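The hints should help you fit chain X onto chain V, whose structure is shown.
Here is how the chains run, residue by residue.
There are 2 protein chains.
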Amino acid sequence: MHPEVVDKCKQASQASTEMAACSTTLKNKALETIARSLKNNLKPILEANKADLELLESKNNYSRAFFDRLQLNEQRIIDMAEGLVEIAALEDPLGKVTGMWKRPNGLEIGLMRVPIGVIGIIYEARPNVTIDAAGLVLKAGNTLILRGSSEALHSNKALVRIIQQSLLENNLPVGAVNLIEDTDRSAALDLMKASDYLDLLIPRGGPSLIKSVIDNSSVPVIQTGAGNCHIYVDHSADVDMAVNITVNAKVQRPGVCNALETLLVHRDLAPSFLPKVLPALIKQGVEIRGCPKTAAYSSEVKPASEKDWETEYLDLILAVKVMESMDEAIEHINKNGTGHSESILTESYDHSREFLKRVDAAAVYINASTRFTDGAVFGLGAEMGISTQKLHVRGPMGLEALTSLKYIIYGSGQIRE
Amino acid sequence: MHPEVVDKCKQASQASTEMAACSTTLKNKALETIARSLKNNLKPILEANKADLELLESKNNYSRAFFDRLQLNEQRIIDMAEGLVEIAALEDPLGKVTGMWKRPNGLEIGLMRVPIGVIGIIYEARPNVTIDAAGLVLKAGNTLILRGSSEALHSNKALVRIIQQSLLENNLPVGAVNLIEDTDRSAALDLMKASDYLDLLIPRGGPSLIKSVIDNSSVPVIQTGAGNCHIYVDHSADVDMAVNITVNAKVQRPGVCNALETLLVHRDLAPSFLPKVLPALIKQGVEIRGCPKTAAYSSEVKPASEKDWETEYLDLILAVKVMESMDEAIEHINKNGTGHSESILTESYDHSREFLKRVDAAAVYINASTRFTDGAVFGLGAEMGISTQKLHVRGPMGLEALTSLKYIIYGSGQIRE
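Quick note, the sequences are listed as chains V and X, same order.
If you're matching positions, the first sequence starts at 5 in my numbering and goes up one per residue.
If you're matching positions, the second sequence starts at 5 in my numbering and goes up one per residue.
Hints are computed from structural coordinates only; laboratory data are not their basis.
Any copy, or any two copies together, can satisfy a pair, since identical chains are not distinguished.
In the DMTMM-like style, the derived pairs of lysine to aspartate or glutamate whose C-alpha atoms are separated by at most 25 Å in a straight line are:
hint, residue 1, residue 2
1, LYS100, GLU351
2, LYS100, GLU335
3, LYS339, ASP11
4, LYS54, GLU128
5, LYS361, GLU351
6, LYS215, ASP194
7, LYS106, GLU90
8, LYS339, GLU8
9, LYS100, GLU404
10, LYS106, GLU95
11, LYS33, GLU358
12, LYS106, GLU358
13, LYS54, GLU185
14, LYS215, ASP200
15, LYS197, ASP219
16, LYS14, ASP331
In this text the structure is predicted, and so the values were computed from the model without any measurement.
Bound conformation, chain V alone (with noise of 0.2 Å):
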């Protein structure tokens, strides 16, 4: 295995016993502490950063998103730091015991929180991340190694050696937090197959870095970030609140994984209601790609192919179906969708209830825009992206979905006959 792969794995193993053991107030002081020296240190850090930026503007080959990702700014800088103060406000996750039961031999048993261990994150080119993941997982008690793309080399660098000063200061374990500098592909795969020293591994990026650590990785893994996500409008809608809705959903922020990506319209609503969200669609831009139902209501609207039904686009465009009945709309759903966030617009009482359990997804909603889904948004603090898998946690993943539970057990002597 890589050199640098196992001795960082091998850090970040002996540090998460202390870290585990690191009190609420030392954890905070560390996150306060690197907040601190970001903010003192704007200077190199930006330097780093523009070191990134001529690097990858002297290869003429990317896109102006790509260029947004991985250029800082002071304003950005600040807000990573104040980032942190935020997650040194949150309450600690870790020890909590939320009861106890006892068995009929006496034995007393309960569920302690504690940390995961050790967390491993494969990203692309968004030195945030890089902020955002120490601050959480350090909370959590656990340690971290990051390995981002090449183009955040020197940026990741510069943050990283500012946590490591930051935890110094503190009298913690540098190796709490490592960077995998060895940005060929060969590492990322060591890495991968580290399940000797890695508790959990969650790559943050689009969907072929998501799906390379699938197909490769032996750690566990937790799948992040595609989200094609659908509003159904059922017939029995308001249909202001289901143009509002719908307009917010798809354009506040269209480069978002909860963003609208599919409209399905329950037929006997469509005259009152594609008629007037249509335009106002229109007139933001957004290209419709609809269903022949759906083109009969604008000359503006291109047809729809298979393919637009199971597409993020990420992108003001809207694919647009009028469906037969609700089931119709939840059989879509469950078979186009990546169990993001699912919305239902209704004034039925049962459709309502039947949407909630019957659609397969980490959030589904009743009458509000997909946008909420977030950690934020939903009270938890900061997160860590949105899981869209089932297993261990789903939705937003705030400070608890990087712990772990133990059972304690309080006897006085009890032996199993």
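Positioned in the frame of chain V, the structure of chain X alone reads:
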């Protein structure tokens, strides 16, 4: 991909929507039908099992323990049937919402317990697992793909036929429980790659089976079973209680994962404890492999090698080591243990709390035998193995371990500003 694997994955996937929506009453009725049908079909089941046993005997190369695990008799089948009736009597975990919280914008948010979906099990020659797994998986609203070993094929086919007939009788989809009949390794490997269909894969068997599944699966896996369990006898322990618990944890049923494998003794208690516990163990037929200090207390102690500290004997063998301090014991356990069940025997309040916090295992005991780690004993009803990983579920896996959660959100027209 293997045609039988694809076919059965598709059937399980299709059936999962219906099973997720199935009423508690109907699920319980189906389990009771299977139980009744097992009792009414003792003869064909025993004949199928006999065919497996005869094939095994013709191979001349098997252990007595292996034969025992494969062998069914009337009582064992009746026990399996009664296990199903017990599962039917358990509370349905699905649909439970433990509370909802209200956000400043008026959204009400809660978490609803839902099925996981399609669960695969790869297991060794234990036909009872076929019935136990089906009972738990169905009750939790999931569907099942079984992949048993070649040695149990006739038995498994007979049992799955009974399950499927019982499902049919209750108008439930037969695709809810599927057996992969091709026992070639390639079929198992394809099942491990079927992440488009399977939501969870559970290996049940020895270390090599579990390792193969972890290394090859792109489906999320829950690790079960390995138990290198320790008891640490602190300097303040009650000697008589310690003798009693140690002997119980080692000899009451040495072949199971929660049995004691290594005894750690504080040096201050060694002179009063070891001269009592060693003869008591030896009298019960236990072979002692000890450190040099242990050997000073009995001529029958064999010298332990480094390998002994990490071995799960599953037999009447016990490794014994004298410790300088509780810190050394905790370090020894966290280094050599498998994260299953660990116990401290102590009269010290401080030490009991320290051990509880710092030992990293699914179940940490104070003053009790490790043998209690078990779903029924913990009050979870039936269990599907004992998880030794930290994600999703840790320790005994009851019905709730076979479920997931989803966020449900009640709105009244909210949009994101």
